[in-house]
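Asker: Respectively, the protein sequence lines represent chains A and B.
Numbering of the first sequence is given in my numbering, commencing with residue 1 and proceeding in unit increments.
Numbering of the second sequence is given in my numbering, commencing with residue 1 and proceeding in unit increments.
It cannot be assumed that every hint is accurate.
What the hints assert, rightly or not - Straight-line Cα separation of at most 30 angstroms, DSSO-like style, residue types lysine-lysine; simulated pairs:
1. B:Lys354 / A:Lys273
2. A:Lys238 / B:Lys238
3. A:Lys203 / B:Lys376
4. A:Lys209 / B:Lys273
5. A:Lys203 / B:Lys336
6. A:Lys209 / B:Lys354
7. B:Lys358 / A:Lys209
8. B:Lys99 / A:Lys273
Calculated directly from the structure, the hints in this document are not laboratory data.
No experiment lies behind these values; they were computed from the predicted model shown.
2 protein chains.
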Amino acid sequence: MSEIKDFIEKNSPRFLEELFKLIRIPSVSSQNEHKEDMHKCAQQYVVSLMEAGADEARIYPTTGHPVVFAQKIIDPRKPTVLVYGHYDVQPVDPIELWKSPPFEPEVRDGAIYARGADDDKGQSFMHVKAFEYLVSTGQLPCNVKFLIEGEEEIGSPSLGAWARENKELLACDVMLVSDTTMISEEVPSINTGMRGLAYVEVKVTGPDKDLHSGHYGGAIANPINTLCSMIAQLIDEKGRITVKGFYDDVIELSAADREMLARAPFNLEHYKKSIGVGEVTGEAGYSTLERTGIRPCLDVNGIWGGYTGEGAKTVLPSYACAKISMRLVPNQDHKKIARLFAEHFKSLAPASVKVEVKEHHGGQGFLAPISSPMYKAAAKAVEDVYGVEPVPSRGGGSIPILAELEGILNAPPLLMGFGLERDTIHSPNESYLLSQFHKGIESIILFYKYYNKN
Amino acid sequence: MSEIKDFIEKNSPRFLEELFKLIRIPSVSSQNEHKEDMHKCAQQYVVSLMEAGADEARIYPTTGHPVVFAQKIIDPRKPTVLVYGHYDVQPVDPIELWKSPPFEPEVRDGAIYARGADDDKGQSFMHVKAFEYLVSTGQLPCNVKFLIEGEEEIGSPSLGAWARENKELLACDVMLVSDTTMISEEVPSINTGMRGLAYVEVKVTGPDKDLHSGHYGGAIANPINTLCSMIAQLIDEKGRITVKGFYDDVIELSAADREMLARAPFNLEHYKKSIGVGEVTGEAGYSTLERTGIRPCLDVNGIWGGYTGEGAKTVLPSYACAKISMRLVPNQDHKKIARLFAEHFKSLAPASVKVEVKEHHGGQGFLAPISSPMYKAAAKAVEDVYGVEPVPSRGGGSIPILAELEGILNAPPLLMGFGLERDTIHSPNESYLLSQFHKGIESIILFYKYYNKN
């Protein structure tokens, strides 16, 4: 193990230099202006994977942004690990809150600061370096494939179809993923489930043009007021989502399961302090960890309408819009939920407005098996590195494509995430601790060793 | 009368050319980038007023944008008319909806299209041209003063103090204002009351930074959802504003008064069609004209928060904001209402968020006397030009400063407005009909003649 640590320590400056090459490419998948950058970033991953020792690495076009695929087959009879990651990142707004430019990575206080530092360039790159170690030292114990996609942040609209067409190429025994968090460096955890996601955009239109609020105010429906009322009705006073049929497919956890989840250490005061809120809130009858781990939720992710500039403008606007997402639990179908939402939302509209509901991306939630050899190998690897046994946990986020890939490839996902809450992914000043970057590489190397022994 | 018509017709091209000089200066009072334009526009008014025959015209500095003052005193014993207008205009957003650039006036289908074409450059300029006619033909029957301010669209924050300091300069018997609409060209009307205005901006803050909605969604208050719920609670199911004490000072109109107002011709189907709405709505128990004329209302003029760009971003934002205005009826004090609103709005906030309420401009509503000689002169002038007796009407908009000036100068306002609904002031493609521009000038000239005879 000391040999592994030495390798990581000695090569750390080079690893960072290589990672920064990936980070500097602004591969924001949701923004058309970055279309070229997507290709550049995929190309850079190909270079990294070939340098790390892949037999082949190439870019495959899809109907959307391209995917990167690489592999090293040492023996077709041996098991195959498919590493899944993504090279696309979230937009950087609000840009003014970044302390250093999002695409100029900077190390401060032992952490890399940049968009993608954690999610998912930093985390996916740990796998490239673990792979390099195993190949360069002749210790690779099984076949390895890499699937690095460019549309995770927009819901992987093209990957499912591409994966179905390339099922043989992707064939594997386990999907290894580092795109989640652990509880803390002191309390390492391995994710055993993720929430699904349904994401819609709504538009409420009143008059066919902006009007003077003095001349018309009081006599016609203001689309902003109306949108607010409709949104307010989506969650009741007990924190439950009012969309008809929303909870039909939610499986209530047993008392025993809830008790097990409650073992994960959690300090409410620390949690509140870390995000600057005075009180937590949510569905009645559930703890904070349950609310984000095993219960669905509904959040408005964006809202706009009318005059939002400096000063005052007395306009009664023509329309107002909102982006609304619902996190789902396993067994809830995101397509069904999006449909139920659209029906329900339209039913809330008064006759005085028109409503449009557009569906953005979505994905199913899933549960990873805990008792499997792969989970045990991961747990042993993490325990070796962190000195304590990892806690099984449930993540509130979504990697919508994983449930789909699991169905296509008939291989379970294993979520070894090394991100921390403090990394504030998707927000300004995203970061990734160097210590986690190093421990992650070490844990992944050990995972391969223990997994192969099983 | 034919002589007046001839004058207007003959000089119309020149009038337009002069008006366009004013319109081309983008005097948007609410935007700092136009600070210089405010001064330029005031200067251009000085030029126009001197050319029209004023004894003196000059710019006076205030604590905000400058005011233009001009006068012609023919005999201190004669009555004095103070023309009030404003040279500032509203912002032009959303700019992409303009068919021609907002500050490049264009005549299409018998109307001027530009920001300020009606409000209030077009309307105030009619007074300059009526004045020119009376002076140039030696028919000016009384003293005339002009007060053209640059902050009407932002609530005239500086004019009250300046007017108090310059009370003698502004001394007058009546304030003549063209900054409102009439019902239609076929049904001319004279405005006998305006609503007041309280305008606030609110900010609801949850976490101290943007968060990943998957990791935190369901466990903490989303500031957009919270803001929507708070806004939804501001108006009840009967269309009444729930702010505590809001209606305390509202004077209910008598059945007779309401009956008189109901005489104004109004076609609901035409009204709905003109703004593209399927249904009207508002406070229960009142007609559409009453809802905009004699009842207060509350409108969200703008809202923003979270991710509003292209595509989907799964952010749980740190804050959400809204601009909210309340139109008030005479006897409601805008300062009291703004205070009541702030108290009430804060009381709606759950413990999980922080709320800030910032007061923008405001102003009192007022009622103009109908039985006065000045109203009768205006009514006769309008009847001469339009061929039918004008209807007294109540406008839903606000000219907040008028109530204040009335108090300072002890002179009643007379609202001879020539705008039409179709002008869509404050919106893209603001326009002003040439026919109204011409009839307005003619009506104003006749007003002076009849007013002096009283």
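Asker: Take a quick look at whether Lys358 (chain B) and Lys209 (chain A) sit within 30 angstroms of each other, Cα to Cα.
Answerer: Holds: Lys358 (chain B) and Lys209 (chain A) sit about 28 angstroms apart, inside 30 angstroms.
Asker: What's the verdict on Lys209 (chain A) and Lys354 (chain B), does the C-alpha distance respect the 30 angstroms limit or exceed it?
Answerer: violated, 34 angstroms
Asker: Would the hint linking Lys99 (chain B) and Lys273 (chain A) be met if the CA-CA limit is 30 angstroms?
Answerer: violated, 51 angstroms
Asker: Check whether the Cα positions of Lys203 (chain A) and Lys336 (chain B) lie no farther apart than 30 angstroms.
Answerer: Violated, at roughly 35 angstroms.
Asker: With the threshold set at 30 angstroms, check whether the alpha-carbon distance from Lys203 (chain A) to Lys376 (chain B) stays at or below it.
Answerer: Given pair Lys203 (chain A), Lys376 (chain B) is violated - Cα atoms ~48 angstroms apart, limit 30 angstroms.
Asker: Lys209 (chain A) and Lys273 (chain B) were given as a pair; does the straight-line alpha-carbon distance stay at or below 30 angstroms?
Answerer: Given pair Lys209 (chain A), Lys273 (chain B) holds - Cα atoms ~12 angstroms apart, limit 30 angstroms.
Asker: Given the hint that Lys238 (chain A) pairs with Lys238 (chain B), does the C-alpha gap stay at or below 30 angstroms?
Answerer: holds, 25 angstroms
Asker: Does the structure keep Lys354 (chain B) and Lys273 (chain A) at a Cα separation of 30 angstroms or less?
Answerer: holds, 15 angstroms
Of the hints listed earlier, those the structure fails to meet are numbers 3, 5, 6 and 8, in rising order.
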